[in-house]
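Taking the hints into account, I'd like the entire structure generated from these sequences.
There are 2 protein chains.
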Amino acid sequence: MAVYTQVSAETASKLLARYDVGALVSLKGIAEGVENSNYLLETDRARFILTLYENRVDPADLPYFHNLLAHLHRAGSPVPRFIDDRNGHWLQDVNGKKACLIEFLPGISVSEPTAAQAEAVGKSLARMHVAVADFAEAKPNPLGQSSWKPLFERCDATAADGLQPGLYNDVAGECDWLETNWPEGLPLTAVHTDLFPDNVLFRGDDVGGLIDFYFACTDFRAFDLAVTHAAWCFNSDGDEFHPDVSTALIAGYLSVLKLTAEEKRAFPVLARGASLRFLLTRLYDWINTPADALVTRKDPLAFHRRLQFYRNVDSADLFGTV
Amino acid sequence: MAVYTQVSAETASKLLARYDVGALVSLKGIAEGVENSNYLLETDRARFILTLYENRVDPADLPYFHNLLAHLHRAGSPVPRFIDDRNGHWLQDVNGKKACLIEFLPGISVSEPTAAQAEAVGKSLARMHVAVADFAEAKPNPLGQSSWKPLFERCDATAADGLQPGLYNDVAGECDWLETNWPEGLPLTAVHTDLFPDNVLFRGDDVGGLIDFYFACTDFRAFDLAVTHAAWCFNSDGDEFHPDVSTALIAGYLSVLKLTAEEKRAFPVLARGASLRFLLTRLYDWINTPADALVTRKDPLAFHRRLQFYRNVDSADLFGTV
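Going down the list, the sequences are from chains F and U. Residue numbers for the first sequence follow my numbering, beginning at 6 and rising by one. Residue numbers for the second sequence follow my numbering, beginning at 6 and rising by one.
Wrong hints could be hidden among the right ones.
With the C-beta cut set under 8 Å, the calculated list includes, among others, these residues of chain U facing chain F [what the hints assert, rightly or not]: (1) V30; (2) K33; (3) E117.
None of these hints come from the bench; they were simulated from the model. Note that the Cβ used here is the ideal one computed from N, Cα and C, for glycine as well.
Written out as structure tokens, the structure reads:
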């Protein structure tokens, strides 16, 4: 949520000279994205996002993200494209960082989604899953089920219990339970796995853009819906479930793409996994980020509350109302 | 250089409903400005800057800034206007902060100004001084000459000397010297006093915008030129003077507005004052800002080097070449 690497107008102009996209008119560092430096860059012909990749994104993964977005764009999905320079290169070096010029998509990210917006997101996610059916590349999920226990083992017990007494043992038990109960054999596909409201751009109630694919990978498509469900169907503290939003999100998805009976049955388990994944990364960041650092720490307990919700629902509670 | 107060799309939409400027299309927090939170806000009709005033700007000063910019805009200066809502109000409350919707001006800020750009800035500054000749409001300069000694007395001697041995005594001597030698009776006017390259928006070599008037006040007009000179005519470290940029800046100014013989004579003293002003605020921030805080600390010594430069020039060195 900050600009880490400064890019001058002169540097941006020099970069743009490699492209056929017009001359620089405006350049603003924006507070957006995972942990990259992002600039809103305007030329006399169009607007772009200039992204400099900081530590969190492995440059070796960039071709996967590029190819996935190119595939989705060709299929008509509302995703931003990486722009090629005159020599067909989409990957550049800017101030010692890997950098890309990316299509700008207008639209606003909502903070309190309505049912209509959730339905539109469900449809968009399903359309994305349809569009990647013939996307051949695979990439293991670095934050998938097998990563959770090792990540948890790097979290300090005292610090975890300082956040909430008993949290450490509760999460340890959940890691074990999910290891035992994680489903097998569900349909795999390219998934977003981070489709929070701030990664969806709306124009009115229509989805105008799906962005920030830097956690994209191959995993269960129903896990992607479970992440989206956990991200959209609660207040941000996670202590209020919004059943109308849940029903609309699932109905939107199912109106485009049917889930198998196995996927529906496994959904509460997948949603527990989705909650644990964000609980764990937030917990790790909470413990390892100084309170006054540049990055805003997010509350891990907001996903512990979601986890508790999903422990107490069964598939019929979520799919029965659709 | 960061967003301190989060504004959701819902909050921005609610705010826009008070205005006749169209509906929200895009909202991006931008890393810009003194220490306010700034958003680039786009509607279906135009683009704006939404500014939330954080601690550094005193809300009691906002009417002065508003009136000054309105005056300049009417006079044809390229400055952003505060936008009125349907009831004629330009000052709002957003998330507990005073906030204004401000006209967006395109253009880029240069990091390494050319002589042509400096000449254009000199002209723009002089035109601004001409345009405020009939601006009636006065506001003392809170960072003017009389503020420097009290500000310096709040800086720790050991910390200052830790930055550079002998700095504390050198700056103490400069405060005393400027108190004795500060000119009197020079022409006063409304001045910007912070016209660094990042506060000027260029379209090519033309000045398309002068922004960030939150240090504007009443002071010597030649002091405003001295600040601009110190800001534009050196590399950022302050150890390289660019004589061609200096000549162009001063020539640009004088082509629009003549300075008196007293103003020219006093210029090196004013420029020492301008250097001390930024040296002191940077020194104070350096000593009192944790190294890992949200705000980037700027090097005070960059302005100590400028100060040393101005101690060794006389008026003819700067004006003789024009």
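Tested hints:
Given hint, V30 (chain U) at the interface with chain F, holds; its Cβ is 5 Å from that chain's nearest Cβ, closer than 8 Å. The interface hint given for K33 (chain U) is met, as the beta carbon of that residue sits about 5 Å from the closest beta carbon of chain F, less than 8 Å. For E117 (chain U), the suggested interface contact is upheld, since its CB lies about 6 Å from the closest CB of chain F, less than 8 Å.
Checked against the numbered hints listed earlier, the structure breaks none of them; every hint is satisfied.
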